[in-house]
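Novice: Residue-level listing of the chains:
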Amino acid sequence: MTIQKTSLHEEHIILNAKMAPFAGFDMPLQYSSVKEEVLAVRNHAGVFDVSHMGEFFVEGSDAIKFVDFLITNDFKNADILKAVYSPLCRDNGTVIDDLIAYKLAEDRVLICVNASNIQKDWEWISSKVSNFKCTISNQSADYSLLALQGPESEKIMRELGIIKAVDFPYYSILETTINNEKLIVARSGYTGEDGFEIFSSHAYAKSLWKKLLSIGVKPCGLAARDVLRLEVCYPLYGHELNDEVTPLDAGLGWTVKLGKDAFVGKSALSEYKPRLQLVKLSLERGIPREGYEVLDSNNNVIGKVTSGTMSVVTGKGIAMALIQQDKICKDKKYVINIRNTKYEANFHSKAFIKGGHK
Amino acid sequence: MTQKIPVELKYTKDHEWAKVSGDTAVIGITDFAQSALGDIVFVELPEMGKALTAHQSFGVVESIKSVSDLYSPVSGAVIEVNSGLLDTPELCNAEPYGNAWMIKVKLSNTQELNSLLSASEYEKFLSSL
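The listed protein sequences correspond, in order, to chains A and B.
Reading the first sequence from the start, the letters are residues 1 to 358 in this note's numbering.
Reading the second sequence from the start, the letters are residues 1 to 129 in this note's numbering.
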């Protein structure tokens, strides 16, 4: 497979970013220091090139009905110009991908999917569309996507004139035209902070990227993005979510609306008894990493770390782990095996930090 | 990028350095290593007295996103450990050749020193990467 480049690839090289292949794209892992990039997003503003992600458009009178049928979360009752996060499941309830669906109009929906799953999602969605009055198109190659994240994002978006509406709450979207460029702007992101995602032409993305950097916004890479989403316990496909688990195994019960009309996976998920449970653990010393064993206080292996890192904000090792449902520790005394040393973990019922988004 | 490579030290292709005096050597990671790893947030070092074999792992250094083994340039017993580094791993980025030294080893085979790289050989190696 040839490695793909985003429209901003040249900019990343100019900035001397540490590059690595991710989902078939040569992507920036970090520019300066992961710590500084994380802190920029938590305290000020940072910008990510996430153009590798996929964009599908669903258009036609059944567009909303079709997307509501495809995903487990409620899309039908969402307001126009709102976004909805949801798993995309198979008939047996296992997760194909997690995505954000943007309700642009009664007859037009944008679906943003993970780069690593574009082909798989496209084939799945194509296989389901025939009974609906709508067409689907994969426009992933036509769109660049920048994510401006951090508490100063709103001020910046207003100064640039991209956002004019007085009220533009979290998970809202708008379509706007600036200098003859059509943009889709969403108040969303995957960092836990306030922020915006801007879908645009490649040329506009390049000019916006340069503009943001010129006013002091920090370029941030995928390494910082992973730490940010893990600190607020957002799942990532390929880690907490995969082809083998259902949303109910991975702590995403809140995104499965069994009361809504027929949707893919409804009957399987209605009867499903979760096999796994997602837990959040931190360590006073040591850094949990993906694949490390999780044990109970009697030394039985009961699960595995799905994502782990050092939290920049708390300074502690943090992890999400999938534990076998029948072996969940009632005493909440979990242990993580790091290079054959057992570390007692702190159990967290909430995310490691509370993000600042409104 | 230019890397600091002090002339008085010996180096390995695993990016560790050794400062040899008599039959002991102080060991750490190079400027290139710390720069490639990024923010170092965790260090794991061996116990005092542990017998090390050249090119085998003696500890671990972790950045936010990665775990890397530390490989001993020489064989011998650990006679000092920079345990302060465990609480200040960021020193590895700031002072890789100074306060971020890791262990001191009593050499069991001084012949091994001949196979270590000089500063100019290490510099040549880096430019070949």
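These are computed hints drawn from the structure, not numbers from a lab.
Misleading hints may appear alongside valid ones.
[Unchecked claim] Cross-link-like lysine-lysine pairs, in silico, DSS-like; alpha carbons within 25 Å at most:
(1) K35(A) <-> K19(B)
(2) K65(A) <-> K35(A)
(3) K19(B) <-> K50(B)
(4) K342(A) <-> K4(B)
(5) K218(A) <-> K332(A)
(6) K18(A) <-> K19(B)
(7) K332(A) <-> K342(A)
(8) K128(A) <-> K164(A)
(9) K13(B) <-> K18(A)
(10) K50(B) <-> K124(B)
(11) K332(A) <-> K82(A)
(12) K155(A) <-> K316(A)
(13) K128(A) <-> K316(A)
(14) K18(A) <-> K124(B)
(15) K65(A) <-> K155(A)
[Unchecked claim] Partial list, derived from the structure: chain A residues whose beta carbon lies under 10 Å from chain B:
(16) P21
(17) G24
(18) D26
(19) L29
(20) D226
(21) S282
(22) M310
(23) K342
(24) N346
(25) K350
[Claimed, not checked] Cβ-Cβ distance ranges computed for the label pairs, FRET-style:
(26) H55(B) <-> S137(A): 51 to 57 Å
(27) P6(B) <-> L160(A): 36 to 42 Å
(28) G49(B) <-> K155(A): 55 to 61 Å
(29) K13(B) <-> N242(A): 34 to 40 Å
(30) I3(A) <-> S66(B): 18 to 24 Å
(31) P6(B) <-> K354(A): 22 to 28 Å
(32) I178(A) <-> S120(B): 51 to 57 Å
(33) D326(A) <-> A94(B): 21 to 27 Å
(34) G24(A) <-> D23(B): 48 to 54 Å
Everything numeric in this text was worked out from a predicted model, so none of it was measured.
Here a beta-carbon is modelled for each residue, glycine too, at the ideal position from N, C-alpha and C.
Novice: Kindly confirm whether 34 to 40 Å is satisfied by the beta carbon distance between K13(B) and N242(A).
Specialist: At roughly 37 Å between Cβ atoms, N242(A) and K13(B) fall inside 34 to 40 Å, so the hint holds.
Novice: Any CB of chain B closer than 10 Å to the CB of D26(A)?
Specialist: 17 Å, violated
Novice: Straight-line Cα separation of K13(B) and K18(A) no greater than 25 Å?
Specialist: This hinted pair holds, its Cα atoms lying about 21 Å apart.
Novice: Just to be careful, I want the Cα atoms of K65(A) and K35(A) compared with a cutoff of 25 Å; is the pair within it?
Specialist: 43 Å, violated
Novice: Regarding the hint that P21(A) lies at the interface with chain B, is the smallest CB-CB distance below 10 Å?
Specialist: The hint is violated - P21(A) has no Cβ within 10 Å of chain B, the shortest such distance being about 15 Å.
Novice: Need the status of pair K65(A), K155(A): alpha-carbon distance at most 25 Å?
Specialist: 36 Å, violated
Novice: Check whether the Cα positions of K18(A) and K124(B) lie no farther apart than 25 Å.
Specialist: 22 Å, holds
Novice: Are the Cα positions of K19(B) and K50(B) separated by 25 Å at most?
Specialist: Given pair K19(B), K50(B) holds - Cα atoms ~19 Å apart, limit 25 Å.
Novice: Taking the Cβ atom of D326(A) and the Cβ atom of A94(B), is their distance within the range 21 to 27 Å?
Specialist: With a Cβ separation near 48 Å, D326(A) and A94(B) fall outside 21 to 27 Å, so the hint is violated.
Novice: Tell me if the straight-line CA distance from K218(A) to K332(A) falls inside 25 Å.
Specialist: 39 Å, violated
Novice: Taking 25 Å as the top limit, are the C-alpha atoms of K332(A) and K342(A) close enough?
Specialist: Holds. K332(A) to K342(A) sits at ~15 Å (cutoff 25 Å).
Novice: Hint L29(A) vs chain B: min CB-CB distance below 10 Å?
Specialist: Since chain B brings a Cβ to about 8 Å from L29(A), closer than 10 Å, the hint holds.
Of the numbered hints listed earlier, those contradicted by the structure are 1, 2, 4, 5, 6, 8, 10, 11, 12, 13, 15, 16, 17, 18, 21, 23, 24, 25, 27, 31 and 33.
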